[in-house]
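Participant: In case you want the letters, here they are:
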Amino acid sequence: MRIYVTGATGFVGSAVVAEALRRRHEVVAVVRPGSRAELSQQFPDHGNRITEARIDLRSMEGLAESLDGVDSVVHLAAAKTGDFYTQFAGTVVATENLLAAMKQANVAQLVAMSTFSVYNYLAMKPGTLVDEQSPIESDPKLRDEYAQTKLLQERLYQRFESAGGGRVVILRPGMIYGPDNLWHALLGAELGPRFLRIGSKATLPLTYVENCAEAIIDAAEALADRPGELTGEIINIVDDNLPTQAQYADLVAARIEIPPTISVPWPVMNAATTLLKKVNESLAGGRAKFPGIAVPDRLHARFKPLRYTNAKAKRLLGWSPRFPLEEAIARSSGIEATHAGATGGPVSDPAGTPS
Amino acid sequence: MFSSIQGRAAARSLPLRAAVVGSGAISKEHLSYLAGRSDAGEDVAERIRLVAVCDLSAAAATYGASQFGADTAYTDITAMLAQERLDVVHILTPPSTHLPLAELSLEAGAHVICEKPITGSTADLETLLAVADRCDRSIMESHNYRFNDGYLAIQDLVTSGRLGQVSDIEIRIALPITDPAGRFGDPNLPSPIHHMPAGVLHDFTTHFSYLLLGLTSDVKFHRISAAWSNHSTNPMFRFDDLDALLIGDGPEGPVHARLRFDSRSGPDTFSVTVRGTNGWAQTDFFQPFMWMVVPRPGGAQLSPIINHVANGFGLVRDGVANFGRKLLQHTPYHGLHRMLDHTYQALAAGRPLPVSRDDMLQTSRLVDRLLAEEVRL
Numbered sequence: 000m001r002i003y004v005t006g007a008t009g010f011v012g013s014a015v016v017a018e019a020l021r022r023r024h025e026v027v028a029v030v031r032p033g034s035r036a037e038l039s040q041q042f043p044d045h046g047n048r049i050t051e052a053r054i055d056l057r058s059m060e061g062l063a064e065s066l067d068g069v070d071s072v073v074h075l076a077a078a079k080t081g082d083f084y085t086q087f088a089g090t091v092v093a094t095e096n097l098l099a100a101m102k103q104a105n106v107a108q109l110v111a112m113s114t115f116s117v118y119n120y121l122a123m124k125p126g127t128l129v130d131e132q133s134p135i136e137s138d139p140k141l142r143d144e145y146a147q148t149k150l151l152q153e154r155l156y157q158r159f160e161s162a163g164g165g166r167v168v169i170l171r172p173g174m175i176y177g178p179d180n181l182w183h184a185l186l187g188a189e190l191g192p193r194f195l196r197i198g199s200k201a202t203l204p205l206t207y208v209e210n211c212a213e214a215i216i217d218a219a220e221a222l223a224d225r226p227g228e229l230t231g232e233i234i235n236i237v238d239d240n241l242p243t244q245a246q247y248a249d250l251v252a253a254r255i256e257i258p259p260t261i262s263v264p265w266p267v268m269n270a271a272t273t274l275l276k277k278v279n280e281s282l283a284g285g286r287a288k289f290p291g292i293a294v295p296d297r298l299h300a301r302f303k304p305l306r307y308t309n310a311k312a313k314r315l316l317g318w319s320p321r322f323p324l325e326e327a328i329a330r331s332s333g334i335e336a337t338h339a340g341a342t343g344g345p346v347s348d349p350a351g352t353p354s
Numbered sequence: 000m001f002s003s004i005q006g007r008a009a010a011r012s013l014p015l016r017a018a019v020v021g022s023g024a025i026s027k028e029h030l031s032y033l034a035g036r037s038d039a040g041e042d043v044a045e046r047i048r049l050v051a052v053c054d055l056s057a058a059a060a061t062y063g064a065s066q067f068g069a070d071t072a073y074t075d076i077t078a079m080l081a082q083e084r085l086d087v088v089h090i091l092t093p094p095s096t097h098l099p100l101a102e103l104s105l106e107a108g109a110h111v112i113c114e115k116p117i118t119g120s121t122a123d124l125e126t127l128l129a130v131a132d133r134c135d136r137s138i139m140e141s142h143n144y145r146f147n148d149g150y151l152a153i154q155d156l157v158t159s160g161r162l163g164q165v166s167d168i169e170i171r172i173a174l175p176i177t178d179p180a181g182r183f184g185d186p187n188l189p190s191p192i193h194h195m196p197a198g199v200l201h202d203f204t205t206h207f208s209y210l211l212l213g214l215t216s217d218v219k220f221h222r223i224s225a226a227w228s229n230h231s232t233n234p235m236f237r238f239d240d241l242d243a244l245l246i247g248d249g250p251e252g253p254v255h256a257r258l259r260f261d262s263r264s265g266p267d268t269f270s271v272t273v274r275g276t277n278g279w280a281q282t283d284f285f286q287p288f289m290w291m292v293v294p295r296p297g298g299a300q301l302s303p304i305i306n307h308v309a310n311g312f313g314l315v316r317d318g319v320a321n322f323g324r325k326l327l328q329h330t331p332y333h334g335l336h337r338m339l340d341h342t343y344q345a346l347a348a349g350r351p352l353p354v355s356r357d358d359m360l361q362t363s364r365l366v367d368r369l370l371a372e373e374v375r376l
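Chains as they are written, first to last, in numbering that gives the first Met the number 0: chain A, 0 to 354; chain B, 0 to 376.
No wet-lab data here; the hints were simulated from the structure.
All of these numbers come straight from a predicted model, not from anything done at the bench.
Note that beta-carbon positions come from the ideal geometry of N, C-alpha and C, so glycine has one too.
Zero decoy hints are in this set.
Derived coverage of chain B by chain A (criterion: at least 3 residues anywhere in the stretch with Cβ under 8 Å from a Cβ of chain A; other residues may be distant): (1) 51 to 63; (2) 182 to 188; (3) 323 to 330.
The following label-pair restraints were derived from C-beta to C-beta distances: (4) A:G61 x B:A129: 33 to 43 Å; (5) B:K325 x A:P258: 20 to 30 Å; (6) B:A129 x A:N105: 40 to 50 Å; (7) A:N105 x B:E373: 51 to 61 Å; (8) A:P258 x B:S159: 46 to 56 Å; (9) B:A57 x A:S137: 18 to 28 Å; (10) B:R237 x A:D130: 53 to 63 Å; (11) B:E373 x A:E60: 33 to 43 Å.
Far from chain B, by Cβ distances over 10 Å, these chain A residues were calculated: (12) R23; (13) D70; (14) E232; (15) T243.
Based on the provided sequences and hints, a complete structural model is requested.
Facilitator: Encoded structure:
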């Protein structure tokens, strides 16, 4: 299969390219014009099966042409930093352009990367099982720019499919961890030189980057083989045997240096931010803007104790996470800025950010 | 205001039907005002109806329309102008598109409010003004910082004579425009502003010019030298630094002005300092404060001490106020909201607009003069 991968030099993208090449697929890797990445050098043994497309998805220029001969698109590119309008352009407009180009180029198969961020965590009771039927955020304005733009992006996918644009399967991964992203936002937040650890008992919805990459390529293959079964499906991606925050933090702390921390129990943070929200609503009409962890809607999305399942991914994709937690952490912490990629080793990308 | 010769627009029946073209970051500010969500204007909903949002991206137009309560989203301005009977069109697209989009809007019978720089040259501005005349409609460039609290306070100090005869003005902007993670420095999809004669600095030179002219309406600047530099050597940038000196004659003596753009120093700054024969004052738009050294009731002996104490208390007050502003999102764009409110009030009443055509022409001519080869250092 000829697979078109957007965001190919990113944290997840480079693992997806490696996995696609490992399975003997051809890859068209979308790389932004200003990127210094040289994929052919990154994958020297697969030079004849990887092509670079130097394109910025915020523009239609060259987009449809670059899709020529492609069987399946894996859309990973998204803006994860910047203000709302920057993320809107990098995520929503980029996706709008990609879908228009796919239509123009007659490419009908899309594996679309979404995120766990789209769920409405404030509406869930503690201990709820989060699955694909869980409610979607109904008031995106209360969430961060990333969640807002990913919600808009999902709507574009669904419109594309319902308008007959193509066959789409949407993957919603939890927190993707790996090299350079072991100590992440589900553990807490930076507080000056220290790290504020929020909670310890919540189960973490994690997926290791190489496991996630396998699920993505599984989805591309399954969508090609069984379009009737996969088209229109939304599938959550998390690994097996998910750890609690404390278990995970202990494993990571044994492998890498972590910042000095201050710990706050989840119930304390929850009560404090709920009170702050009420004060804001009664005194300022809800207009006061606070840092993310002081907003209940955002706090719950990161730290609320919930349960997770990957049953649907296993059933529909035949996916089984290959690397268990301890091995994944060992693979992630044992390498620095090298890319074993298609040889089966772990991947690294300093620009990696959580999904 | 440095002049007010703007042609009067005939009073329009309310609510005025408005549309926004372009859904970039600045659209949030225009749409917030039009949707009645800014601090400016108490009865916006009765005076203005947001009819449409137009953008080449359907997703962007639809999002803007849905978030701010517009009736319809368009991806084609011609279709929008044909289908909606618009009184006012806000043009918020890249500068190179202003001229054709403004012409279309004026010819469709709408007044135009356009983001700065309205055109890349005075010649293009004159073309646009001629179209407005032919269509009997008004066009206005956004001079938003002229309506900020701090600038209005400084203008009051100048016009009241409290600073004495103005002799020296410095306007300084510091912003890291070459940062590759920023909107101007992004190498992947370079901003269209790079194509303007001063590149990215064209945006800021327009601010410099109208702010300076607003404080020196009776001064003729006859000596100008401007050092335009690209210290970053990034080939995407024409310039990332401006150091301009202007010397002119006013009715009460010579006036010196320095316009300084710097992309290397921090933190982000947009300050205005005015010095006169009696004292001086300084404000900053990004972190608003007012520092004022003027004669005090204690006479020459006590004035320095009273100034220090008064400014010390003032800084504490401004610090607390800025914390509140940050929480409540009272941004430097409050001047834009105020300018829009004055504009809509004027359109409804058939009064002169708050930014006159002379304001726009003088601003554009000063930008042209700063860019002229013969003044470059």
